[in-house]
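As given, the protein sequences belong to chains A and B, one line each in that order. Residues 1 to 234 (my numbering) make up the first sequence, in order. Residues 1 to 234 (my numbering) make up the second sequence, in order.
These aren't lab readings, by the way, just hints derived from the structure by calculation. Careful, some of the hints might be misleading.
Which copy is meant is left open, because identical chains are indistinguishable; a pair holds if it fits in one copy or across any two.
Restricting the straight-line Cα-Cα distance to at most 30 Å, the calculated cross-link-like pairs of lysine-lysine (BS3-like) are [to be verified]:
#, residue 1, residue 2
1, K205, K190
2, K97, K125
3, K97, K53
4, K118, K53
Since this is a predicted model, take the numbers as computed values, not measurements.
Protein chains: 2
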Amino acid sequence: MSLKHLGPGSVMPPLQKGKLRLYSMVFCPYAQRARLVLAAKNIPFEVVNIKLKVKPEWYLKVNPLGQVPCLHFDDGRTLPESLLVSEYLDDTYPENKLIPTDPYKKAIQRLLIDSVTKVTGPFYKFLFGDSAAGPDILNGLDYYEQKLDNDYFGGDKPTFVDYMIWPWFERLEYLKQYKGLDLNENRHQKLFSYFERMKKVPAVKATIIPAATFDKFFKSYASEEPDYDCGIVQ
Amino acid sequence: MSLKHLGPGSVMPPLQKGKLRLYSMVFCPYAQRARLVLAAKNIPFEVVNIKLKVKPEWYLKVNPLGQVPCLHFDDGRTLPESLLVSEYLDDTYPENKLIPTDPYKKAIQRLLIDSVTKVTGPFYKFLFGDSAAGPDILNGLDYYEQKLDNDYFGGDKPTFVDYMIWPWFERLEYLKQYKGLDLNENRHQKLFSYFERMKKVPAVKATIIPAATFDKFFKSYASEEPDYDCGIVQ
Numbered sequence: 001m002s003l004k005h006l007g008p009g010s011v012m013p014p015l016q017k018g019k020l021r022l023y024s025m026v027f028c029p030y031a032q033r034a035r036l037v038l039a040a041k042n043i044p045f046e047v048v049n050i051k052l053k054v055k056p057e058w059y060l061k062v063n064p065l066g067q068v069p070c071l072h073f074d075d076g077r078t079l080p081e082s083l084l085v086s087e088y089l090d091d092t093y094p095e096n097k098l099i100p101t102d103p104y105k106k107a108i109q110r111l112l113i114d115s116v117t118k119v120t121g122p123f124y125k126f127l128f129g130d131s132a133a134g135p136d137i138l139n140g141l142d143y144y145e146q147k148l149d150n151d152y153f154g155g156d157k158p159t160f161v162d163y164m165i166w167p168w169f170e171r172l173e174y175l176k177q178y179k180g181l182d183l184n185e186n187r188h189q190k191l192f193s194y195f196e197r198m199k200k201v202p203a204v205k206a207t208i209i210p211a212a213t214f215d216k217f218f219k220s221y222a223s224e225e226p227d228y229d230c231g232i233v234q
Numbered sequence: 001m002s003l004k005h006l007g008p009g010s011v012m013p014p015l016q017k018g019k020l021r022l023y024s025m026v027f028c029p030y031a032q033r034a035r036l037v038l039a040a041k042n043i044p045f046e047v048v049n050i051k052l053k054v055k056p057e058w059y060l061k062v063n064p065l066g067q068v069p070c071l072h073f074d075d076g077r078t079l080p081e082s083l084l085v086s087e088y089l090d091d092t093y094p095e096n097k098l099i100p101t102d103p104y105k106k107a108i109q110r111l112l113i114d115s116v117t118k119v120t121g122p123f124y125k126f127l128f129g130d131s132a133a134g135p136d137i138l139n140g141l142d143y144y145e146q147k148l149d150n151d152y153f154g155g156d157k158p159t160f161v162d163y164m165i166w167p168w169f170e171r172l173e174y175l176k177q178y179k180g181l182d183l184n185e186n187r188h189q190k191l192f193s194y195f196e197r198m199k200k201v202p203a204v205k206a207t208i209i210p211a212a213t214f215d216k217f218f219k220s221y222a223s224e225e226p227d228y229d230c231g232i233v234q
């Protein structure tokens, strides 16, 4: 099956018995959360990529929210929302449990995950041209710099929290190289080492996109139909 | 120990070994989520009420977010945020499990819980004088009217989702009687029966506040120091 992003006029690829389907979009950080969990847990799945700006008519019937990620089960049930999808996958597939079983540790991880809005809020403003939001991104990173007291946010190996916040951290390199974000190692020393560690994690390697490809995509984003495939999916 | 709300100049009541403490405020719907779960699960706890508009100096050290609810354990650890507190309590105390063990049912409940912003968004606008937000509250209720397909949102008995959305439903009566919200049984027939059922649930009976008392409290809210005790806590 082609991984090319589907738009208006397309037909929903038929569901297949026993196959878990993920609706995704290659550059979407929320969908990447789900793809990171799927990769980290070695869960077999098929992906159907969606042109979010020019959606297939059938997709709004499958997921009235119109967003990705969304799971589609072979019995027709669906599940939207990145955190719900990711938690569902971790609950359902026991291999490599990512969410702590200790209720307090789980809650503290969730607090760290929900705090990513400190970064994502100014992130989108800056991405779409409001350079005054740059300092707010750095302030948001200060919070994580202060919270990082081990190799990863949940301990000495990557767990749920790392995968839930990584997609925006990954895109900082693009903001720095192509959009002039004043990100530097002196201010966020622990985070910079953490970023390097994360880039070697197999699930991250399986989903990471180079800064130059983000630049190519976001340059096309203002057009009526952005270049969702960007030469990286066929 | 007095339940009167504490403000500036107060001293933090000392933690007691083996006692779980909840910081709360009698009229706060988020804190009520935690109190509903505590009541539904018969969890022993002590409550310390906080004047949210004029906070005790010590409270910001305990919970830098400055909000309620917040749990305080006898070893000094804390946990803020109503959904995290409520989930933690359900995870930790096995009696009367409120969150579904089935991962898909759990995710669908969470989707219903997160959708309460459809009601809470316009709720606060309307409460603080923007009468144009009234129709948006009713639209938000349409969503729940449509989703209710059993005696309760999670099946034939109250579960997590019911307790997480109830606090705003409870306050609709006050908005109707004292603020002119055009709530009527013809439009929300299933919800009206549901409200009556919920009012008979023991945990709801343990925390419910009459519309007239809400009115007394919110009338005092514009002042520098609202009447948090309102004659109902001593």
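Here's how the hints hold up against the structure:
1. In this assembly of identical chains, the alpha carbons of K205 and K190 lie at most 30 Å apart only when taken from the same copy (20 Å versus 50 Å across copies).
2. For the identical chains of this complex, K97 and K125 are neighbours neither inside a copy (35 Å) nor across copies (42 Å), given an alpha-carbon limit of 30 Å.
3. Taking the closest pair of Cα atoms, K97 and K53 never come within 30 Å of each other, the shortest separation being 34 Å inside a single copy and 42 Å across copies.
4. For a Cα distance limit of 30 Å, the shortest separation of K118 from K53 qualifies both inside one copy, at 25 Å, and across copies, at 24 Å.
Checked against the numbered hints given earlier, the structure breaks hints 2 and 3 and satisfies all the rest.
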